[in-house]
Each structure stands twice: as C-alpha cells, then as structure tokens.
Amino acid sequence: MSETNLRSATISVLVENESGVLARVIGLFSGRGYNIDNLTVAPVERDGSKSRITVVTRGTAMVIEQIKAQLDRLVPVYKVLDLSEGPHLARELALIKVLGTGEKRAEALRLADAFRARVIDATTESFTFELTGATDKLDAFLELMRPLGLAEVSRTGVAAIARGTTTIS
Amino acid sequence: MDHTNTAPELMNSGAEALLRALKAQGVDVIFGYPGGAVLPIYDAIFQQNEIRHILVRHEQAAVHAAEGYARSTGKVGCVLVTSGPGATNAVTGLVDALMDSIPLVCLCGQVPTHLIGNDAFQEADTTGITRPATKHNYLVKQSGDLVRVVHEAFLVARTGRPGPVLIDLPKDILIAPAPYEEPAAQPVHRSYRPQTAPDPRRIAEAVALLKRAERPVIYAGGGVINAGPEASRLLTEFTRLTGFPITNTLMGLGAFPASDPLFLGMLGMHGTYEANLAMHGCDVMLNLGARFDDRVTGRLNAFSPNSKKIHADIDPANVNKTVQVDVAIIGDALATLKALIAAWKQDSTKTDKAALANWWAQIDVWRSKNSLRFTQPRDKGSIIKPQYAIERLYQATRGRETYITTEVGQHQMWAAQHFKFEKPNRWMTSGGLGTMGYGLPAAMGVQVAHPDALVIDIAGEASILMNIQEMGTLAQYRLPVKIFILNNQYMGMVRQWQELLHGSRYSQSYSEALPDFVKLAESFHGVGLRAESVDDLDRVIAEMIAIDKPVIADICVDQKENVFPMIPSGAAHNEMLLGPEHKDEGPAVTNEGMALV
Ligand SMILES: Cc1ncc(C[n+]2csc(CCOP(=O)(O)OP(=O)(O)O)c2C)c(N)n1
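In the order they appear, the protein sequences are chains A and B. Number 97 in my numbering belongs to position 97 of the first sequence; there are no gaps in the numbering. Numbers in my numbering are just positions in the second sequence, counted from 1, shifted up by 169.
Warning: the hint list may mix true and false statements.
[Said to hold, decoys possible] Distance ranges between label pairs, derived from CB positions: (1) B/Leu224 - A/Gly33: 32 to 42 Å; (2) A/Arg7 - B/Gln638: 48 to 58 Å; (3) B/Ser676 - A/Glu45: 50 to 60 Å; (4) A/Asp72 - B/Glu570: 38 to 48 Å; (5) A/Ala61 - B/Asp294: 28 to 38 Å; (6) A/Leu142 - B/Gln355: 48 to 58 Å; (7) A/Glu85 - B/Leu683: 56 to 66 Å; (8) B/Ala530 - A/Arg32: 37 to 47 Å.
Please keep in mind that the hints were generated in silico from the structure rather than gathered at the bench. Just so you know, these numbers come straight off a predicted model, no measurement behind them. The beta carbon of each residue, even a glycine, is placed where N, CA and C say it ideally should be.
Whole structure, please, built from the sequences with the hints as guidance.
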C-alpha cells in the first residue's frame, strides 16, 4: 500500500444520541486499525435525540469504503455520508494563546489581522485569538504563531456539510 | 423503536416483565448460571414453568450451548449470567458468536444503577468490555426501557447479519415494577434497517455473467445456513439448474448435499484439491453468504486471479473488504437465491455446454487425485488413522438424525473433510474464532433442542479439557451427548505447524498428564469407552451410539498424522501441499507466510 494511494475522507455520521455511541465509533476505528485525523461530535436535533459525528480519516479507496460500511452497520447509526465525494464545506474553530511583548507581540497582531483572527482576550503580555476556517488555514496560522510565542491551542475539530441542496437525512 | 402496540401493563418486577418479554420472543430455554446480581431473575424463573433453565457449569459454556441451540434450530439462543465474573466468562462465547454470525441474546446482571462506577462488588464495565464482542449491547438504566430493549435486542440479534446482543441489567431495575408491552407485529427500528432484498439490477448482472461462464464455480458459506433451510433447498435447486460445480466453506457445510456429484467438497486451507483449483482456475465465481475469509483465500494477491467475482452477502461491510468483486449483491441469501433462480429461468441465453463439459473434465482430473486419501492398515492391532475413525463414525450414523459439533484442531478438519452433511443445521463448529472448548457445550445446546437426536462432539484430547466440567450438565439433564475424542496425545494442529514450519520442535504441544477419559466419564455419571486399535473401532462406535447416556469414546489414533491437503499460510490455492500419499513436492513457506496464523 503506497502512501500515494491514500486519500483523505471527511465522513459525517448521523447517530442516535445514546450513551456509548461515540465509544462504538471510536472503538471501530481503533479495533480495525483505521486512522482518525479529526473528530467532532455534538447533538443536532432540537430534542437532542440525534448527534452528528464528523470524522476525517485517511486510507486507500478500499479502506474508506470499508470504514463507511462498518460505520453504517452500527445499530445506532442513521446515516453515513462521505462528504469528500462531492463539493463540501469544512470549518474548524481554534482558540490560540500567544505570549509575548514588544515587536513579536505586534507582529502576532498584524498576522492575526491578515488571517481575520479575532482577539477575544488580551493582556499586556498575551493575546488570545479566535480563528475559524479550513484546517489548513488554521495550521498555517499556528505555524506563523510558533516563533511569536504560541503557548496554547484549543481546536474544535472539523464541522462539515455538503454544498448545495444535498443533506444528510 | 416502534416495537409496541398495546397499552403498557405494570408488572410487579422488572424480572417478571423480562421473562414475559422473553416468552413473547419465543424463548423456551435459557442457558445460565446464577449470582447475586441476577437473583431476582432466578426468583422469577422459579415461579414459572414455561421457560426451562439449563444450569451450566461455566458461563462460557452457556454461550456456546446457546450457539449450538441457535445453529441447530435457527432460533435465537438465550443466555443468562451474573455481573462481573459471570459477564467476563461469557466474553469468549460472545466473540465466537459474533465471528460466526450466530443470533444470541445474553442477559447479564449488573450492580444497582446507583453503584455503577463505584467499583462495587462484582461490578465490571460489561457494556464497555463487550462492545466489540457483540453486534450490539444495552445497559438498561430505567424500568420504562426494559421491555422495549428486550424486544429490540431480539430483533437486532436475528435480523440482518445475525449476531450476539447483550443486555446489561442493573439489579434495581430487576426489582422495581416495570411496564410490559407486547412486541409489534412488524417492528421497525429507528436507525437499524438492514437491507434484505437484493437489487434486481445486480441479480441481472450476475445471471448475465453466470450464463456466459466457461469455468464457473459456486462458493457458498454460512450465510446460506443462516437464511434458513429453505435457502439451502434453493441453493441446491439453483446449483442443479445451472449444473455448475459448488464448494462450501467450513461454515457452509450442509447447505448443499455432500453426496451430490456437483459438490467439490470444502475449500480453503484444508479443502479438497478440486475445490481449491476450481476456485483458482474459474472464470466466474459466485460467492453466496461467505466472506472471503483468509482461511479460504490463501494469499490474496494470488486468489482466483482470472475470474469475475459475484458476491452476495447480507452485510455490506463484507463486500470488497479483502477481495474486490465485480458484482455486489446486498441481501438475504434466501431472497437472493429466489431472485437468481427466477432471473436464470427468465434469461433465455443458453450456457456454453461444450465449455462447461471441458471444465468438468478438468475438475474430474483434479478429483481423481482423491486428495483426502489415506491408508488405514488393517493388520490386527493396527493403530487407528483419525480419518478412518471419522469415516467409520459417519458410516455408522448414516440414516440417523445426527448432529455433529467439534472442538478446534486437526480433528475438526478431519471431521469437515470426512463426515458428509446432506442437510443444513447439522454441523456446528467454531469457524471464525476457532475456540477450543466450543464443541461439548455446543453439543449440549443441540441436544436440549433435539432431545431424541444423536448428538456427537468430535473432539481432541486437549480441546475437550477446556470445558470438560459440562459433563456435569449432561448428567444433570440426562443429555446423552457423545464425545468422540480423536486422542493423539498432542495438540495435533499445533504439532503439525511445528513439524512443517518450526523444524519439528514440539514446544509445549504434547498433551502431558492426560486424565483417564474412561474413568473421567464414569466419575461424571456417564459411560467411558476406549478403542486402542482398529479392531476395537466399529464396536466402540456401535456401543457409543447405542448407549442412552453421555458417553466419552476415547479413540487412540496415530499421533503423527497430519491434515492434508494444506495451503500453507501465505500460499496460493495452486500451491497446495498434498499428503504423504501423494509424492508431489510442495512450495516452501515464505517468511511472510510464517507470520500468518
Ligand atoms: C482457546 C484456544 N486456545 C488455543 C488455541 C490454539 N490451538 C488451535 S488447535 C490447538 C490444538 C488442539 O489440540 P486437540 O484438541 O488435541 O486437537 P487436535 O489438533 O490434536 O485434533 C490449539 C492449542 C485455540 N484454537 N483455542
């Protein structure tokens, strides 16, 4: 299996919001040796009865098909949608704490502005930025912050949805 | 889930509601073992007599017994164990049932809800432990959910690809009053909707390929058995309609009558020469209810290299898992076979008679190798060949209502090769997990379901000791199970691999300090028999069958016999090793193959 045959997939899974359901999904990935690059989960129905799990994974085309089929056979799973099969939107939010003073601090603020990161907290020695965007945009911003005093990151993981009229249910 | 259709009725206790739900689900027997957390259920069992309880001697055996019951009847097996060690002891059985797609519901005690998470006495995270060991599991936290969960569990266990389902039952839920509702006539689950009806377009594509095939083969597995006896009947009808050769997996034995000339025998690691070479050389393969297991495919990149592959399976996750196929049919084997037969009859294309005749001529050449051949010396006092013991057992039981279970090892493979099954549900073996200790409790479950049948566990002397305590259960319930031990004083299958792959260094595979099986049978209120040479064999078999009690027949067999043919791990179907009867040179096993199990 050469690296070049691997592809990344963003898969949305609509599940019954019951105890243990996340453990089932994660256990499936660890038990069968699949990768989890990114994972988010939150209730999405008004009554809280369903949750949406978004998982970003990597594998050969055959493995990705397996992952989808294995997810689909879990009893509390309503629907599995491979968003990467079509045009879709994926966003992540990060809270980023940068410590520093002087020129580095000013540079961090300039770059944050260029990336449209919002300052949500500040002291004379720190900024906390909020940045939303695609994973690679967040990664790029974090790389820039590293030499400027990057101290802490908290990321939500990817939320994703298909473009156009396609829906998961 | 919409499982209920009547107004709820409040029962005195959760345990009573539970039993009522079990009855509504058709449960007539439970295999179980009591303990503190499940005492309320045992109390409710005591006060009724519709459901019979079989007290096993170890919880693993309860699960295997329920498997034997399920596999021989087509019904859902039911198990009851206590919390903590009761649950953990059941885990091997659950995984066994998961691997072999056996429908079970395992009821498990749990500490009261308010103690969960406190490391209470005999608390275990049972749903956590059994999540990957079951098709699905539940923890009932509210009395109002209890009956719904039970009905749902049976639906999940028996539909789609069948499997084990566990319900964890905290003690307070079993004690408190609980509402009871009947199951819905047509239960519909919120999220779980397995596809059972095959797509007609895929059926048409399959038939188009099959009609034009020059070298076809049908490869049928346990999915056909799971779909009920009618599916096996239709498999036979379809195969005869086509005139195609057919092979069965270990799990599929009995789905097609072994005596039919179209039958090539079992395929795979210890399958027949003709079955494996037909798989290797075919141009169209129809897989019905099998999963391209590694025991069947051998080395994947050399598996049936020139064929178009059609795969019909109830579980979409089985399709394109290890082998890429050309036509995937998702559906129940019964519905699929019905559709295939109808489409075959409707499609007016004539099959290529000349090509098929050539193919059969080729197969007959392979067949004439007689790859299961062995030689039994007949001089007085000759040591018994294990294959011969199975063959004589088969001959002696023909015409009877016979059910065979096995343990795991060489004896299991010889049983699969030399015992011929004409009907489904007569053969229970641990295929996917390969669990030593499966056979005796499974036979127990079969005998409970079929009290008048002849039920035989074909065993090895090592495996049988893994659940030998169940001799007590046999005695208690007067279950006249026959244990037919091919005693080679070795963990034979381990010894065989050590001989072939590890320079005959027989590390830890000698069965040291064995019990006297005759006395052991007697001490458990059964009968012990022994055959020491070929002169004793038929007499011992006849006696064993005639005795209406549990019997251990200790058959002393050749210690050095190996199972052939054999496709060594990592080899392809056409790189099969034949036995000493055949002088062919086999391939050396590669390092990569050595790493496989
Ligand atoms: C629970 C369990 N432990 C270990 C094994 C590995 N194993 C497979 S076959 C075998 C030897 C079985 O010996 P025996 O029951 O005497 O049967 P034989 O092969 O001699 O016919 C062993 C140890 C297994 N399958 N199951």
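Hints, one by one, checked against the model:
no. : hint                            : result
1   : B/Leu224 - A/Gly33: 32 to 42 Å  : holds (41 Å)
2   : A/Arg7 - B/Gln638: 48 to 58 Å   : holds (52 Å)
3   : B/Ser676 - A/Glu45: 50 to 60 Å  : holds (58 Å)
4   : A/Asp72 - B/Glu570: 38 to 48 Å  : holds (41 Å)
5   : A/Ala61 - B/Asp294: 28 to 38 Å  : holds (36 Å)
6   : A/Leu142 - B/Gln355: 48 to 58 Å : holds (54 Å)
7   : A/Glu85 - B/Leu683: 56 to 66 Å  : holds (60 Å)
8   : B/Ala530 - A/Arg32: 37 to 47 Å  : holds (44 Å)
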